[in-house]
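Chains as they are written, first to last, in our numbering: chain A, 295 to 551; chain B, 123 to 342.
In short, the hints are calculated from the structure, not lab data. C-beta atoms are modelled at their ideal positions from N, C-alpha and C, and glycine is treated no differently. Hints may be right or wrong, so weigh each one.
[Unchecked claim] Okay, the calculated beta carbon distance ranges per label pair:
hint, chain 1, residue 1, chain 2, residue 2, range
1, B, Asp-194, A, Ile-314, 34 to 40 Å
2, B, Ser-141, A, Pro-395, 35 to 41 Å
3, A, Ile-335, B, Lys-193, 54 to 60 Å
4, B, Gly-320, A, Met-305, 52 to 58 Å
5, A, Lys-316, B, Glu-197, 31 to 37 Å
6, B, Val-205, A, Gln-533, 48 to 54 Å
7, B, Ala-127, A, Ala-369, 55 to 61 Å
8, A, Pro-395, B, Leu-326, 32 to 38 Å
9, B, Ser-141, A, Leu-338, 55 to 61 Å
10, B, Ile-186, A, Pro-395, 41 to 47 Å
11, A, Gly-306, B, Lys-170, 56 to 62 Å
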Amino acid sequence: MNRIVKFYHEMGSPPSYYRITKHWLKPMLVLAVIFTLYGLIDGLFFAPEDYQQGDSYRIIFVHVPAAWMSMFIYAIVGIAGVMTFIWRMKVAEAVMMASVPIGALFTVITLLTGMLWGKPMWGTYWDWDARMTSELILLFLYIGVMGIYSAYDEDPRKAARLAALVAIIGLVNLPIIRYSVYWWTSIHQGASVSLMGGANGIKDWDMLRPLLVMALGTKFYYIYTMFSRSQYYLLKTEQQKNWVNQVIENEQSGVKS
Amino acid sequence: MKFWALFKRDVLVSWRKKSNIYQPLVFQLLIVTMFPLGLGAGAQTLAKIAPAVVWILALLSTLITLENIFKDDYEDGSLDIYVLSGMNLPLATLSKATAHWLTTGIPVIIFAPVIGVLMHLPSQSYGVLMLSLLLATPIFSLLGTVGSALIMNIKNGGMLLSVLIMPLLAPVLIFGAGAVLETTLGNSAFGHLMLLLGCSVLSLTLSPLAAAAAIKINLE
């Protein structure tokens, strides 16, 4: 069998998924720490000051990567949701339910840092700007997926399928919600304040570099957390299975030796 | 044939449960009283927020009735019979949505001008208000069947239902209340109503499928 096809099939089965991704945790964590530390130090101390916003623009190095992640993770949740729903793949369930709280966390970070940034820049913590509003609605979507999952706690597989359905419904609606919110603000306040000062505003490589490094750092952090959470999810939901006992035995004998 | 029998039954059950009909209206009347009490009874102040208030009240009052769309049928086993008898499940949910709309949506549409008068809504807006609700109340009922099917065997699922449905209804509220707002400013509401119609058609095509999927998962 082709090596890639074989790898794909292996990732679909919980025991081999666990066996393979177990070894990825440490490297991912190391990469996440290195990239995030470098990005933060570079961004907070060495990147040049913004000519308009001074030093307070530096929150961009947390805010924008978090905002990217909040949307990226919802896309992952949606794709994993489709796989859960159609093929009932346990690994897809695990990836989906492992990703949802991380995505919600990034959404909360985005909203909070945005508010802290808004106070010195706009003079207010909250403005019903299109981006802020759609980010808030994204948080509701995340909460909905978590809510339906936790409501069916006696049957995790059914809960995961219902959560997948909710995630898919959210994914279908996300573009509609986004555009309607954009049109709504254009009705109410004319030109709205752009949160990034326009993405094309950043032309200086010294400013862009920490931002991209932080984006990579958050990606690696997500991969690390997602794998460790999904492994835990699989161990918990498959605890009756043989391979879990095998894992536990190996772990215990490993500690002794 | 089977569909019509089911539809007749759904409408009859919905109609005989009179609380479905008057509950939303009483709710609206109670809440609309709160606005002048809290804001001051000045006609100017009230007229300014009237489009939003009328629309949000229509939405919230429908929301409180959604929880029970499938609950009774789930609890007495009728839903199991539907599934076992090989009935077309999306059509069955469509019948439920239509029955809900007939007994809750239509009274809400008819009652909306009353709330409008109480809120001093300008006289040129009533036509568009009722038209926008005519386009939007089916969306409430259709998305309601999805939400209700998701939570039908959860106790006290009302809060969860709101969390699931509210983000999806945000565009409907934007276009609907926006349409009424445009008429109060003397503009044409055509664009908003068209978008609302688009939302209606989209939810008419997709919601029965989603609701049927949720029922199937729930009954497994």
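Status of each hint after checking the structure:
1. Asp-194(B) x Ile-314(A): 34 to 40 Å: violated, 48 Å
2. Ser-141(B) x Pro-395(A): 35 to 41 Å: Check passed, 38 Å falls within 35 to 41 Å.
3. Ile-335(A) x Lys-193(B): 54 to 60 Å: Holds - the Cβ-Cβ distance for Ile-335(A) and Lys-193(B), about 56 Å, lies within 54 to 60 Å.
4. Gly-320(B) x Met-305(A): 52 to 58 Å: violated, 40 Å
5. Lys-316(A) x Glu-197(B): 31 to 37 Å: The hint (31 to 37 Å, Cβ to Cβ) is violated, given that Lys-316(A) and Glu-197(B) are roughly 45 Å apart.
6. Val-205(B) x Gln-533(A): 48 to 54 Å: Because 31 Å falls outside the window, the suggested range is violated.
7. Ala-127(B) x Ala-369(A): 55 to 61 Å: violated, 44 Å
8. Pro-395(A) x Leu-326(B): 32 to 38 Å: holds, 34 Å
9. Ser-141(B) x Leu-338(A): 55 to 61 Å: holds, 60 Å
10. Ile-186(B) x Pro-395(A): 41 to 47 Å: violated, 30 Å
11. Gly-306(A) x Lys-170(B): 56 to 62 Å: The hinted range 56 to 62 Å holds for Gly-306(A) and Lys-170(B), with Cβ atoms some 58 Å apart.
Of the numbered hints listed earlier, those contradicted by the structure are 1, 4, 5, 6, 7 and 10.
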